[in-house]
Structures are given as C-alpha cells and as structure tokens.
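A.B. asks: With these hints in hand, go ahead and build the complete structure from the sequences.
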Amino acid sequence: MLDLDRLPLSRKQLRSIGRATARINVWHGSVRSGKTIASLLALVIAVANAGPSGLIVICGRSLQTIERNCLEPLQDAALFGPLARHVQHTRGATTATILGRTVHLIGAADTRAEGRLRGLTAQLAYVDEATLVPEGFWTQLLARLSVPGARLYATTNPDSPRHWLKTTYLDRAGELNLRSWHFKLSDNPSLSPEYVADLAAEYVGLWRRRMIDGAWCVAEGAIYDMWDEARHVIDTLPEICRYWVGLDYGTTNPFAALLLGEGVDGRLYVCSEWRHDSRATHRSMTDAQYSAALRKWLANWRHPAAGPDTPPGIAPEWTFVDPSAASFSTQLWADGYPGIARASNEVADGIRSVAALLAADRLLVHESCVGLLDELPGYSWDSKATERGEDAPLKVDDHSADALRYVVHSTAHEWRRNTHHVQT
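The numbering used here numbers the first residue of the sequence shown as 1 and each following residue consecutively.
It cannot be assumed that every hint is accurate.
Derived pair list, reagent style BS3-like, types lysine-lysine, alpha-carbon separation capped at 30 Å [claimed, not checked]:
no., residue 1, residue 2
1, Lys384, Lys166
2, Lys184, Lys395
3, Lys166, Lys184
4, Lys384, Lys395
5, Lys296, Lys395
Restraint-style ranges between C-beta atoms, simulated for each label pair [stated by the list, open to error]:
no., residue 1, residue 2, range
6, Ala78, Asp110, 32 to 40 Å
7, His104, Thr21, 17 to 25 Å
8, Val196, His104, 35 to 43 Å
9, Val196, Asn345, 27 to 35 Å
Honestly, the hints are just simulated from the structure, not real lab data.
A quick note: this is a predicted structure, and the numbers were derived from the prediction, not measured.
All residues carry an ideal CB built from backbone N, CA and C; glycine is no exception.
C.D. replies: Take a look at the structure:
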C-alpha cells in the first residue's frame with residue numbers, strides 16, 4: 001500500500017521518516033521544502049503499526065487548516081498512491097479515518113483549546129504549524145500522550161528564535177526524547193527551478209529569511225524596510241477600475257480611513273485618506289459623526305484626473321472595518337452604508353502582504369495621504385514583544401498603517417489572482 005521507494009522523496013525526507021521514533025519529532029524549515037509530506041508519511045506508518053489503545057489526534061490552528069494542510073494531501077493519489085483511498089473525511093467533520101483508525105481533529109486557535117484535551121489519552125498526535133498553537137495546548141497535548149511508546153509529530157515554519165518551541169524544545173533536544181530535521185527548498189526534489197524562483201520572489205525581508213532561507217530570526221527594526229518615498233509615492237493616479245476602503249477605528253486615538261484602488265495597470269494605489277485625531281483637534285466624535293464624515297468624504301472624492309463635468313463621489317465595493325469596532329459597524333449598517341465587512345486581522349500575514357506588494361512596486365501611495373506617509377517609515381517591530389518570542393508592531397503612530405494592512409490583506413484574494421496583469 002505504501003512503497004516509499006516509488007515516491008519522489010529526497011534522502012533527507014527518507015532519513016527523517018525512518019528515524020521519527022522519538023517521543024517528539026519535529027520537521028521545521030522553509031515553505032514547500034518537503035517537511036509536511038515526510039511528516040505525514042511518518043504519521044501514516046505509525047498509524048499502521050499502532051496498537052488498539054489510545055486515541056490518534058491531528059491538531060492545527062483550525063479545522064480548515066488541518067483539512068488543507070494534512071487531509072487533502074493524504075487524499076491526493078498523485079502524492080500517496082493507493083494510500084489515498086484509505087483516508088476518508090467529510091469536510092467540516094471533527095474526525096477522519098486513516099487506515100481504518102478513527103483520527104480526531106482538534107483546532108487550537110487560542111488558549112481555550114487546551115480544554116478540548118482534558119481527560120484524553122492519546123498514543124499518536126500530529127501538530128500542523130506548531131508555532132501557531134498556544135504553548136499551553138502543546139504542553140497539555142504532551143501530557144495526554146501517556147500510552148507506552150506514544151509519539152508526537154509536528155511541522156512548522158521558523159519563527160522568532162525566542163519562540164517557546166525553539167527555546168523550550170528544539171534547543172533542548174539533547175535533554176529531551178526529541179528529534180528534529182531542518183529542511184530547505186533544496187530538500188524538495190519535486191520543485192522546478194522556475195517555481196523556486198517565483199516562490200522566493202513572493203517573500204521579502206523577515207519572511208524571506210524565515211520562509212525561504214528557513215532561519216529562526218527575530219523581527220526587529222523597520223517593518224517595511226523596503227519603503228522608499230522616491231519609488232512608492234506618486235503625484236498622479238492612473239485610471240482606477242475598482243475601489244475598496246480600509247479603516248482603523250479610534251476615539252481617543254486617531255481614526256484613519258484609506259481608499260485603495262486597483263489601477264488598469266494591475267497595481268494597487270492608496271488614492272485618498274481621511275483621518276480625525278481627537279487629541280490634535282480637541283474634539284471627539286461619536287460613531288454617528290464618524291459615519292457621516294466617512295460618507296461625506298467618499299461622496300466628495302473625485303479622481304484627480306477627472307474632468308470638471310465628472311460628478312464627484314465613489315462607491316467602494318467593500319469597506320473593511322477594524323474588527324474591534326463593532327459599535328461603529330452597527331452605526332454604518334443603521335445608516336444604510338453598503339458593503340461592510342469585518343477586516344482580516346491576521347497581523348503577520350497582513351504585514352507580509354503589504355511588504356510583498358511594496359517590494360514588487362505593486363503598491364503606490366498618493367502624496368495626499370499624509371498620515372500614512374508619516375507613519376510608514378517609523379512602523380516598527382515591538383522589541384518587548386520580540387523578547388517574548390512574538391512578532392508584533394509597536395503600537396505607536398500605526399493607525400493609517402493598520403488601515404492599510406486591513407484593506408490590502410482583506411482583498412488579497414482579488415489582487416493576487418491579477419498579479420500576471422501588472423504592466424512594467
């Protein structure tokens with residue numbers, strides 16, 4: 001059913017599969033480097049040889065990521081051959097079947113997920129994207145692996161070298177019953193040179209060092225170290241074919257809204273900005289006043305190149321609202337404002353989306369957006385968060401920068417598919 005000799009595996013993948021017999025087995029390194037396939041094969045072999053006692057669990061950030069990263073590959077006959085027929089799962093279900101054994105699927109988005117492990121006795125566990133699960137969940141999972149010979153398999157991309165997985169486990173491999181394997185892109189024999197080059201071009205700065213080079217490195221200094229006013233600030237806008245708005249809500253802090261447009265050249269343009277700083281103006285605004293001001297701004301905005309006969313006003317397809325601003329979203333709904341959506345607030349992923357666009361000169365900012373232009377050069381990593389092994393922006397002068405992150409990342413499914421339309 002599973003003939004490793006017939007699979008296109010590298011020597012490192014085969015070696016890691018054969019040696020994954022420790023209590024804790026961790027595959028870490030670059031994206032697409034072959035670590036997930038190797039770890040899943042090791043898990044399947046363990047399932048085939050497992051005794052009847054103890055549960056088998058697969059854990060990840062969410063049920064959706066478990067399905068995408070673990071179960072879908074296992075069901076791919078091109079990857080796993082006849083084995084794929086022996087992996088059954090109904091999308092959305094919290095159990096799957098692998099080689100006739102029931103496997104429990106557990107999402108671990110926050111510390112509350114630890115409670116799902118209480119009372120559980122496991123013999124095999126697999127953790128997808130281990131650096132993204134809470135430390136308490138990982139610790140509790142290890143405690144639940146109490147059957148003799150129990151094993152944990154885990155994969156992860158690198159994070160901060162001060163992350164708990166690195167300092168408490170990987171760095172202490174000699175003291176623990178733990179084996180780990182570090183993978184780079186060169187360890188995946190199935191990738192073409194063209195694909196590797198394209199993949200490397202999609203990551204810049206911190207994410208290139210982690211996701212492509214496979215390095216555990218700290219987030220420090222300027223977040224957008226590729227920012228260059230000479231390259232990224234413009235005084236004219238091309239024809240814009242569609243618009244979106246992103247906004248960061250503030251009462252005592254500034255309120256910032258950005259109008260993002262997709263140009264006919266395929267690039268993204270921050271066309272306009274509306275801000276209100278209650279501390280600077282000594283005047284606070286209610287949700288109703290903010291709603292009226294936002295609608296007035298959009299109703300009065302006109303493309304700078306529009307002729308005098310062109311009526312003002314723009315209707316964005318969607319407005320992505322700060323997820324913490326529930327009361328303001330309610331006010332917008334009450335005022336009949338169309339196309340309201342909760343902004344995507346995956347901070348690191350949002351920053352990476354903006355950084356990738358800036359590095360490729362696919363995101364440009366109009367000179368009128370002075371708040372954003374003031375913030376971007378100083379938008380920096382929080383050194384105190386870095387000391388804790390976390391990646392977080394310094395929460396100072398970040399309101400327009402957050403609004404930019406919201407609207408760019410929330411529309412990623414739109415502009416990513418149009419990448420090949422960019423004109424140079």
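A.B. asks: Could you run down the list of hints and mark each one as holding or not?
C.D. replies: Against the structure, the hints:
The suggested pairing of Lys384 with Lys166 holds, with an alpha-carbon distance near 18 Å, which does not exceed 30 Å. The straight-line distance between the Cα atoms of Lys184 and Lys395 is roughly 34 Å, outside the 30 Å bound, and the hint therefore fails. For the proposed pair Lys166 and Lys184, the alpha carbon gap of about 17 Å is at most 30 Å, so the pair holds. Straight-line distance between C-alpha atoms of Lys384 and Lys395 comes to about 11 Å, which keeps the hinted pair within the 30 Å bound.
With a C-alpha separation of about 29 Å, the suggested pair Lys296 and Lys395 falls inside the 30 Å cut-off, and the hint holds. Evaluation of the 32 to 40 Å hint for Ala78 and Asp110 yields a pass: the beta carbon distance comes to about 35 Å. Range check, His104 to Thr21: Cβ separation about 23 Å, and the 17 to 25 Å hint holds. For Val196 paired with His104, a C-beta distance near 36 Å keeps the hint of 35 to 43 Å intact.
Between Val196 and Asn345 the beta carbons are some 31 Å apart, a value that agrees with the proposed interval 27 to 35 Å.
This entry does not satisfy hint 2, going by the numbered hints stated previously; all others are met.
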